[in-house]
Amino acid sequence: EDKVVQSPLSLVVHEGDTVTLNCSYEVTNFRSLLWYKQEKKAPTFLFMLTSSGIEKKSGRLSSILDKKELFSILNITATQTGDSAIYLCAVQNQGGSEKLVFGKGTKLTVNP
Amino acid sequence: NAGVTQTPKFRILKIGQSMTLQCTQDMNHNYMYWYRQDPGMGLKLIYYSVGAGITDKGEVPNGYNVSRSTTEDFPLRLELAAPSQTSVYFCASRGHMNTEAFFGQGTRLTVV
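So the protein sequences, as listed, match chains A and B. Everything in the first sequence is counted per this note's numbering, starting at 1 for the first residue and increasing by one. Everything in the second sequence is counted per this note's numbering, starting at 1 for the first residue and increasing by one.
Chain B with its partners taken away, still in its complex shape:
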């Protein structure tokens, strides 16, 4: 079972560069989430989606964009990378209302 797959696992970006963090799930889940986790901190919600074509902002959306063209994929886009975006990014998905969220293994991003 693949579950939630994130790529890449690690990435170093220069300030001002852009990149897309990929997230794919094969569980036919409607709900998908992007979080960032700074050292010693919990998870902060960046964006989430309740289904294909529907996305909404979380707690810390500035500097990021998302799209949800299919049920399976929920990519996160950084347009102009800044050092403040250095973090570990987790994608998660959830099937129905009263079920737990499953997490990908994370992407460690460093912006220098």
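Chain A extracted, bound-state conformation:
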């Protein structure tokens, strides 16, 4: 059974801190790993990772994938209160099934 495990489940930091969110996975026929940010409503897309060791970056957010060790990290530097959200990791498989399986998410709270 495909599995995505995120840690920590909850994290409280102060503005300006740097955080690292973790996502490990077990999936047959891995295709890609995706990160989403969810505030009050629908998840919004952050990154898609398909190759090991290649960092994706957008402003203060960055992410990298390790396909050998089956995990990814999402880094947020100089956190702001607007970064408070649930961060979701999802894995896509391939080969006919094309499922998209999510982890439980990490709830990040950034205090002023």
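The hints are simulated quantities; they were obtained by calculation from the structure and are not laboratory data. Quick reminder that beta carbons are idealized off the backbone N, C-alpha and C, glycines included. Accuracy of the hints is not assured; some may be wrong.
[To be verified] Covered by chain B, according to a simulated footprint, are these stretches of chain A (three or more residues, beta-carbon under 8 Å):
| hint | region |
| --- | --- |
| 1 | 30-43 |
| 2 | 103-111 |
[Unchecked claim] Residues of chain A clear of chain B, computed beta-carbon distances all greater than 10 Å:
| hint | residue |
| --- | --- |
| 3 | 6 |
| 4 | 69 |
| 5 | 70 |
| 6 | 75 |
Keeping the supplied structure of chain A fixed, place chain B upon it in accordance with the hints.
For chain B alone, coordinates are given in the frame of chain A:
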């Protein structure tokens, strides 16, 4: 751009009632998904479809049914509502293999 549209936004059902959650996308996407999200949790896959006429079970299909008669529409049916089905339901669609999934704004369902 409409994207993924879900209706209704909110619904209260009595135990034993049935209803259909509607999901329509106008992006000509092959892949569509239904998820439920319980408070403080990630997204659990209910059903998914890789194209018109093809559906498959996800992690938590019991108590639900789907159909995919057209590329655009992927309705989710609850036949005998139970309190355990109180949740927020998200529909998502994806175009090709290595693209992100786009989400609807969700349906908040309460079963009393």
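Here is how each hint holds up against the structure:
For the region 30-43 of chain A, the stated coverage by chain B holds: 6 residues have a C-beta nearer than 8 Å to a C-beta of that chain, and at least 3 were required. Only when three residues or more bring their CB closer than 8 Å to a CB of chain B does the claim for the region 103-111 of chain A stand; here the count is 4, and the claim holds. With a closest Cβ-Cβ approach of about 7 Å to chain B, residue 6 (chain A) is found to fall inside the 10 Å limit, against its non-interface label. Look at residue 69 (chain A): its CB is around 22 Å from the nearest CB on chain B, clear of 10 Å, so calling it non-interface holds up.
For residue 70 (chain A), the non-interface assignment is confirmed: its Cβ lies about 18 Å from the closest Cβ of chain B, beyond the 10 Å cut-off. At the 10 Å boundary, the C-beta of residue 75 (chain A) stays outside the reach of chain B, the nearest C-beta of that chain being 19 Å off.
Of the hints listed earlier, the one the structure fails to meet is number 3.
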